[in-house]
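Asks: Residue numbers (numbering that gives the first Met the number 0), protein chains in the order written: chain G, 0 to 304; chain F, 0 to 265.
Hint data in this document are derived by calculation from the structure and do not stem from the laboratory. All residues carry an ideal CB built from backbone N, CA and C; glycine is no exception. Heads up, a few of these hints could be off.
Derived coverage of chain F by chain G (criterion: at least 3 residues anywhere in the stretch with Cβ under 8 Å from a Cβ of chain G; other residues may be distant) [unchecked claim]:
{"id": "1", "stretch": "27-41"}
{"id": "2", "stretch": "189-196"}
{"id": "3", "stretch": "232-240"}
Here are some chain F residues the structure puts well away from chain G; computed CB gaps all over 12 Å [as the list claims (entries may be wrong)]:
{"id": "4", "residue": "Leu22"}
{"id": "5", "residue": "Arg45"}
{"id": "6", "residue": "Leu48"}
{"id": "7", "residue": "Asp49"}
{"id": "8", "residue": "Leu50"}
{"id": "9", "residue": "Asp53"}
{"id": "10", "residue": "Leu64"}
{"id": "11", "residue": "Leu65"}
{"id": "12", "residue": "Val68"}
{"id": "13", "residue": "Leu174"}
{"id": "14", "residue": "Val178"}
{"id": "15", "residue": "Pro179"}
{"id": "16", "residue": "Pro183"}
{"id": "17", "residue": "Val186"}
{"id": "18", "residue": "Gln210"}
{"id": "19", "residue": "Thr212"}
Label-pair distances were calculated between CB atoms; the ranges are [to be verified]:
{"id": "20", "chain 1": "G", "residue 1": "Leu86", "chain 2": "F", "residue 2": "Trp4", "range": "35 to 45 Å"}
{"id": "21", "chain 1": "G", "residue 1": "Ala208", "chain 2": "F", "residue 2": "Arg34", "range": "49 to 59 Å"}
{"id": "22", "chain 1": "G", "residue 1": "Phe73", "chain 2": "F", "residue 2": "Asp37", "range": "44 to 54 Å"}
{"id": "23", "chain 1": "G", "residue 1": "Leu86", "chain 2": "F", "residue 2": "Arg94", "range": "22 to 32 Å"}
{"id": "24", "chain 1": "F", "residue 1": "Arg34", "chain 2": "G", "residue 2": "Asp166", "range": "23 to 33 Å"}
{"id": "25", "chain 1": "F", "residue 1": "Gly92", "chain 2": "G", "residue 2": "Arg109", "range": "37 to 47 Å"}
{"id": "26", "chain 1": "G", "residue 1": "Asp75", "chain 2": "F", "residue 2": "Arg3", "range": "55 to 65 Å"}
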Amino acid sequence: MSQPVVSTGPTTRQHAVRRGVPERLRPLLLLSPALLVVGVFFVGGVAQAVLQSLGRQPFLGQTDWSFDAYRATFADPAFRASLTLTLRVVVLSTGLATVLGVAVALLVRRHARGPLTTLLQSTLAVPHLVGALCIGLLLSPSGFASRLGTGAGLVDGPQDFPVLTNDAFGWGIIAEYTWKEAPFVAVVALASMTPHVRDLEGAARVLGAGRWRRFTSVTLPLIAPPVAAASVLVASFAAASYEVPRLLGQSFPATLPVVALQRYQDTDLLVRPQAMAVATIIAVLSLVLVAAYLTLVSRLSRRSL
Amino acid sequence: MNGRWGGRLGVGLLVAAVLLPVLPLVVWSAAGTWRYPDVVPGRLTRRGLDLVLDGEVVSATATSLLIAVTVAALACAIGLSAGRAIGLYRFRGRRLVQFLLLAPVIVPGLAVTLGIQVFFVRYGLADTVLGVVLVQLMPTVPYAATLLGAAYANLDVDYERQARTLGSGPLRTFLTVTVPLLRPALVTTALLTFLISWSEYILTLLIGGGQVTTLPLLLFAAIGSADRTAAAALGLLVVLPPVLIVLLVARRLRGRDDAWMGLARG
Chain G
0 MSQPVVSTGP TTRQHAVRRG VPERLRPLLL LSPALLVVGV FFVGGVAQAV
50 LQSLGRQPFL GQTDWSFDAY RATFADPAFR ASLTLTLRVV VLSTGLATVL
100 GVAVALLVRR HARGPLTTLL QSTLAVPHLV GALCIGLLLS PSGFASRLGT
150 GAGLVDGPQD FPVLTNDAFG WGIIAEYTWK EAPFVAVVAL ASMTPHVRDL
200 EGAARVLGAG RWRRFTSVTL PLIAPPVAAA SVLVASFAAA SYEVPRLLGQ
250 SFPATLPVVA LQRYQDTDLL VRPQAMAVAT IIAVLSLVLV AAYLTLVSRL
300 SRRSL
Chain F
0 MNGRWGGRLG VGLLVAAVLL PVLPLVVWSA AGTWRYPDVV PGRLTRRGLD
50 LVLDGEVVSA TATSLLIAVT VAALACAIGL SAGRAIGLYR FRGRRLVQFL
100 LLAPVIVPGL AVTLGIQVFF VRYGLADTVL GVVLVQLMPT VPYAATLLGA
150 AYANLDVDYE RQARTLGSGP LRTFLTVTVP LLRPALVTTA LLTFLISWSE
200 YILTLLIGGG QVTTLPLLLF AAIGSADRTA AAALGLLVVL PPVLIVLLVA
250 RRLRGRDDAW MGLARG
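Take these sequences, add in the hints, and give me the full structure.
Replies: Structure below.
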């Protein structure tokens, strides 16, 4: 039941006849290469992770269905420690990135918008791998911050500097995610602070609303949907990314993606279903966040209509 | 008056917070000796530069470029086709398609790729450049389709109709009318998909198996070593192209959050 958005006329029908592809099959045909890629790699990947977590191992002839991998995973105290760490990293990184990002957007809007926006955008381009290196060189016990601290007489040496990288709490990971993702939230927030928002703020000012009141009752509700959508992206990334926790965290407890790869690389193939169980848990967690994102975006577009 | 000074202080803090982590990276890349607790290095060296021009790094750069250019070209081609459907047609299942094209951008690749790695091994695609290119289509194609879909939605199809009425064939119309009209979006999409591929680490590791050595893989190994100068020099080499690309496309992207979405993933 497809029809072009643009007016259909004899010309369109003529084309369809000439090419021999019925008009209503055209979108499917056009979409097929992209759907093939997503279907094989993404849907196939998720389905395979689920199947293998349930005990089906392709090419190994193992076909017993069981929830053993999930039972073993959830019974493992190491997994529970990982889950706690992952949730802590996700909540703190997302919270910090969102609050700082909105604060930065408000600041940048009032002062030197052009150059500062460019600065924020360049931060977005930095690969997380390089970000992890930067944070490591800055926050490690003998890093730049520790040197500055010693110079200022606040720190007595590397042993005296608080452990911020490869620490049990995950400070290094949180620092990297916040440093990289707060500019992302800020860029999205800035994009949503349209002239329309400014007009409404002006109207509120005329009506006597103070600065804080204008922010909470006018600006924040207007920019909330895109900012919330950006936060969802940050959370799903923080939950499922590998390099940063691998480089800035501990190997025990490690975040879920690191645990998934550790179990995957285990020489004992019987551990592999557990790797897939962890991968499935990560995928489900992220997909829930995708659904939340879509809901937010559709609410956003409805509002702007 | 007070507010203005507060604003300047805030701007200063912001610039410092953004740039502070980058500072040790730049300094370390040129530091010969930098003993604790010195704030500046004792001696500068060009070892970092030599290392970047070393055979292994040059060949990894070539591999990275080859993969990223191929991935960008394929993603643009597939994205042009899908974008036309998304931008110009209303059809049943459109929401499902939108979900399918959004999910791979948001769900990071590790969880998905673990399950299919065994198939790459089975079909001889593991440890090959082709395998790495194929797996990197997963995060780039949906992104390209979304960006080009938005461009198609703004395309005036009457130009295509006029060309067809004047006797131009479908291919010629596409090449001489559609592509030039979509050129700005195409350039942006190509650059950003290049960037995603250039920064990719975990998919390359899982499918390339350490045999396909791209720059991020070398960088990861260098970060694990004790040689901070080498890691910093490689880090600069990896970070410069993406920053240049973003500065190049930033003006076109202002106000487009869907475009920034992909950038937050690297």
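Asks: A separate judgement is required for each hint: does it hold in the structure or not?
Replies: Here is what the structure says about each hint:
For the stretch 27-41 of chain F, the proposed coverage by chain G is satisfied: 5 residues have a C-beta within less than 8 Å of a C-beta in that chain, meeting the threshold of three. Counting residues of the stretch 189-196 of chain F whose CB lies closer than 8 Å to any CB of chain G gives 1, so the stated coverage by that chain is violated, three being the minimum. Counting residues of the stretch 232-240 of chain F whose C-beta lies closer than 8 Å to any C-beta of chain G gives 3; at least three are required, and the coverage claim holds. With a closest Cβ-Cβ approach of about 7 Å to chain G, leucine 22 (chain F) is found to fall inside the 12 Å limit, against its non-interface label.
The claim that arginine 45 (chain F) lies off the interface holds: its Cβ sits roughly 19 Å from the closest Cβ of chain G, which is beyond the 12 Å cut-off. Distance check on leucine 48 (chain F): its Cβ is at least 18 Å (rounded) from any Cβ of chain G, clearing the 12 Å threshold; non-interface status holds. Listed as a non-interface residue, aspartate 49 (chain F) keeps its Cβ farther than 12 Å from every Cβ of chain G; the least gap is roughly 19 Å. The claim that leucine 50 (chain F) is not at the interface with chain G holds, since no C-beta of that chain comes within 12 Å of its own (minimum 15 Å).
Remark: the non-interface label on aspartate 53 (chain F) is consistent with the geometry, its nearest Cβ contact in chain G lying 19 Å away (cut-off 12 Å). For leucine 64 (chain F), the non-interface assignment is confirmed: its Cβ lies about 15 Å from the closest Cβ of chain G, beyond the 12 Å cut-off. The claim that leucine 65 (chain F) is not at the interface with chain G holds, since no C-beta of that chain comes within 12 Å of its own (minimum 18 Å). Taking the minimum C-beta to C-beta distance to chain G, about 17 Å, the non-interface status of valine 68 (chain F) holds against the 12 Å cut.
Distance to chain G confirms leucine 174 (chain F) as a non-interface residue, since its nearest Cβ pair spans about 16 Å, more than 12 Å. Listed as outside the interface, valine 178 (chain F) is consistent with that label: its C-beta sits roughly 15 Å from the nearest C-beta of chain G, beyond the 12 Å cut-off. For proline 179 (chain F), the condition that its CB be more than 12 Å from all CB atoms of chain G holds, with the nearest at approximately 19 Å. Even its closest Cβ contact with chain G, about 17 Å, leaves proline 183 (chain F) beyond 12 Å, as expected for a residue assigned away from the interface.
Residue placement check: valine 186 (chain F) keeps its beta carbon more than 12 Å from all beta carbons of chain G (closest about 16 Å). With a minimum CB-CB distance of about 16 Å to chain G, glutamine 210 (chain F) clears the 12 Å threshold, and the non-interface call stands. The non-interface label for threonine 212 (chain F) is consistent with chain G: the shortest C-beta to C-beta separation is roughly 14 Å, beyond 12 Å. Taking the beta carbon of each, leucine 86 (chain G) and tryptophan 4 (chain F) are about 40 Å apart, inside 35 to 45 Å as hinted.
In this structure the supplied range 49 to 59 Å holds for alanine 208 (chain G) paired with arginine 34 (chain F), their Cβ-Cβ distance being about 56 Å. The hint said 44 to 54 Å for the Cβ distance between phenylalanine 73 (chain G) and aspartate 37 (chain F), and at roughly 49 Å that hint holds. Separated by about 30 Å at the C-beta atoms, leucine 86 (chain G) and arginine 94 (chain F) satisfy the suggested range of 22 to 32 Å. Separation of arginine 34 (chain F) from aspartate 166 (chain G) is about 24 Å and conforms to the stated range, judged on CB atoms against 23 to 33 Å.
About 45 Å separates the C-beta atoms of glycine 92 (chain F) and arginine 109 (chain G), a value consistent with the hinted range of 37 to 47 Å. Range check, aspartate 75 (chain G) to arginine 3 (chain F): about 57 Å between beta-carbon atoms, so the 55 to 65 Å window is met.
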